[in-house]
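K.L.:
Based on the sequences and whatever the hints tell you, model everything.
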Amino acid sequence: MTVEVMVGNKAAATGAKLSRVQVAVAFPVTPQTTIVEYLNEFITKGEMDCEFINVEGELSAQVVVQAASRIGARTFCCTSGPGCLYMHHPMHDTSSLRLPVVMAVVHRGNKGMQPDHTDLMSHIMTGWIQWYVENNQEVLDSIIMAYRVAEDMRVRIPIAVGYDGYILSYTAEPVDVPEQEEVDDFLPPYKPTPSLMPEDFDPKAPLWWRVPWEEHHKVIVDAKEVIKEVNEEFGKRFGRSYGNGLVEEYRCEDAEAVIVAMGTIASTARDAIDNLKAEGKPIGLVKLKCLVPFPYEDFQRIGSEVRAIGMIDRNVCLGVGGVGHTFIRNAIYDLEERPKVLGFHAGLAGKEVKVSDIERMAEKVLKAARGESVSPLVEWV
Amino acid sequence: MIEIRFHGRGGQGAVTASRLIAEAVAKEGKYAQAIPMYGTERRGAPVTAYVRIDYRPIRRRDLVHEPDIVIVIDPILSRKPSVAAGLKSGGLLLLNYPTPPEEVEIGGDFMVSTVDATTIALETLGRPITNTAVLGAFSRVTGITKLKSLEEAILKRFPGEIGKRNVEALRRAYEEVHLPKPAKGPLRPREEEPPHVTGYGVLKSVADWRVFRPVVDLEKCVGCRLCWIYCPETAISLVDEKPIIDYDKCKGCGICVHECPVKAIEFVRESV
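Taken in order, these protein sequences are the chains called A and B. The first sequence begins at 0 in numbering that gives the first Met the number 0 and counts up by one. The second sequence begins at 0 in numbering that gives the first Met the number 0 and counts up by one.
Be a bit skeptical, because a hint or two may be false.
Dumping the calculated DSBU-like pairs for lysine-lysine here, alpha-carbon to alpha-carbon at most 35 Å [to be verified]:
#1 A:Lys235 <-> B:Lys163
#2 A:Lys44 <-> B:Lys163
#3 A:Lys353 <-> B:Lys87
#4 B:Lys183 <-> A:Lys44
#5 B:Lys147 <-> B:Lys163
For the record, the hints were derived by calculation from the structure and aren't laboratory data.
P.N.:
Structure below.
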């Protein structure tokens with residue numbers, strides 16, 4: 000293990016390199032562009048045995064990773080904002096064909112250059128597992144874990160690892176880079192099912208075609224157990240894990256209220272929680288890492304332990320509301336005693352979210368937990 | 000936690016400087032975050048970068064609003080009081096500035112230190128890329144990172160001759176920096192003038208983007224109009240078939256100097 004100061008995009012490219020990705024396909028788009036540059040640097044220097052395929056756009060990028068994945072290559076794709084939206088149609092097929100593609104999505108909002116989660120969240124119905132990560136270490140680790148989950152025979156579903164553009168993509172910080180041998184032990188080579196390679200192709204075997212809706216949904220829901228397993232094993236081998244792989248509870252012991260945040264807002268929120276705890280306030284943080292499949296069970300348990308939950312959404316489903324807010328309310332509906340669930344929209348279009356912003360949101364959630372009246376309206380921060 | 004804000008211009012290496020500090024302190028076992036603030040900046044435009052340094056992992060992801068240290072690697076931005084906006088009481092303002100701190104016009108309840116990084120960079124690197132020189136001054140004045148760690152970080156990033164020259168710039172600045180003095184100048188930062196936005200486009204002056212100023216020798220000029228055609232900023236107009244430069248529009252790119260077939264345009268270093 001060596002420590003290297005690297006930007007988020009280099010962490011993503013390094014994760015792909017350590018995962019021994021064989022085919023990488025991407026079209027450059029800000030703020031993802033430097034992943035493409037780092038990958039090509041690794042390949043040119045001979046550090047990575049990988050075919051990088053240049054394409055004319057993201058729709059092709061997604062179709063080419065499908066083909067490569069189907070014949071048995073471990074494939075990597077990366078994109079941002081409008082590029083991510085442009086590949087929407089073939090993303091459905093990647094999941095329907097149960098191809099274990101891993102893609103880094105460097106968040107860039109749908110209304111401009113700056114980050115929010117609206118790009119990847121526009122793909123909630125594509126059948127991709129979606130992770131939202133908070134720092135460069137988690138970017139690298141999650142790419143490696145994503146291959147292990149995606150290629151598990153119980154899953155075989157593509158995974159998107161999302162991280163905030165600019166805030167992480169160009170910010171440099173120390174990252175522990177695991178040794179290649181350690182990663183090789185953790186991540187065995189990928190075998191396609193069924194194989195289309197001439198030497199082991201069975202013409203009589205049924206071709207793996209689009210999986211029907213009900214089965215497709217169930218496979219993704221059941222992937223939660225595999226994600227937990229892989230996260231736990233990663234922790235044992237590398238000394239780092241991320242909650243239970245789906246959510247991470249930070250200082251939630253004796254909490255009467257929690258705030259829930261995703262991506263880099265969760266990182267900033269840790270400082271806010273420490274400040275409030277120092278004042279003796281009973282509040283904790285839940286980092287929501289895995290949005291799809293949604294960890295309903297975790298939120299039902301958390302919902303039965305606290306009196307109020309405040310969800311900070313770096314997104315809005317226009318005309319509906321915050322995605323996390325809506326899902327959490329759905330999760331707790333069947334509880335006998337439901338906590339209050341307050342919603343906040345923060346950090347859209349790259350708007351800066353300060354520690355003090357999160358403290359203020361947390362105070363409102365604490366007020367609700369004490370039974371004081373607060374406005375039920377979702378707040379734009 | 001120590002928080003630093005850099006001001007510079009695209010091309011001078013403020014972003015690289017922030018990363019070199021992060022790499023140097025990481026070698027010393029500390030944690031760091033180097034945050035560039037990207038918009039649509041490009042070579043010559045004022046840019047900002049931030050560094051956080053701590054003994055434990057750094058989690059907050061907002062920008063630095065109240066820095067302990069402000070470092071200005073551009074000599075002309077160093078004249079703007081707004082660079083000291085938000086600087087903590089007792090903090091340090093480290094300027095690329097040709098004269099000792101006593102002659103700096105910016106004042107407040109902080110210390111000011113100066114180094115003539117542009118001259119050092121021109122003499123060691125041959126171009127006004129001032130970041131590594133300013134880092135030498137930073138190491139000496141703050142002691143936050145050792146000179147050796149910075150040297151290693153520079154040589155790793157720039158192997159070969161370029162790295163060696165940058166290390167030379169670093170060492171010279173380490174020796175030549177003027178140590179901090181209380182900032183007693185008459186000019187105070189105005190909060191309404193954000194330091195990272197100093198004007199862009201035809202409505203505002205971009206005069207302070209320049210390091211060099213093109214000066215036309217009208218006697219030598221043959222009136223070929225090539226400078227007028229090539230100027231990307233339409234800063235040149237023709238009066239009696241001869242070029243007149245509007246210095247509020249000129250960013251000092253030097254294209255006119257390069258294109259002039261009779262060498263009638265001289266590129267003169269801006270005085271600070």
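K.L.:
Now tell me if each hint is right for this structure.
P.N.:
Now the hints, each set against the structure:
1. A:Lys235 <-> B:Lys163: violated, 43 Å
2. A:Lys44 <-> B:Lys163: Holds, because 23 Å separates the two Cα atoms, which is no more than 35 Å.
3. A:Lys353 <-> B:Lys87: holds, 18 Å
4. B:Lys183 <-> A:Lys44: violated, 53 Å
5. B:Lys147 <-> B:Lys163: holds, 13 Å
Of the numbered hints listed earlier, those contradicted by the structure are 1, 4.
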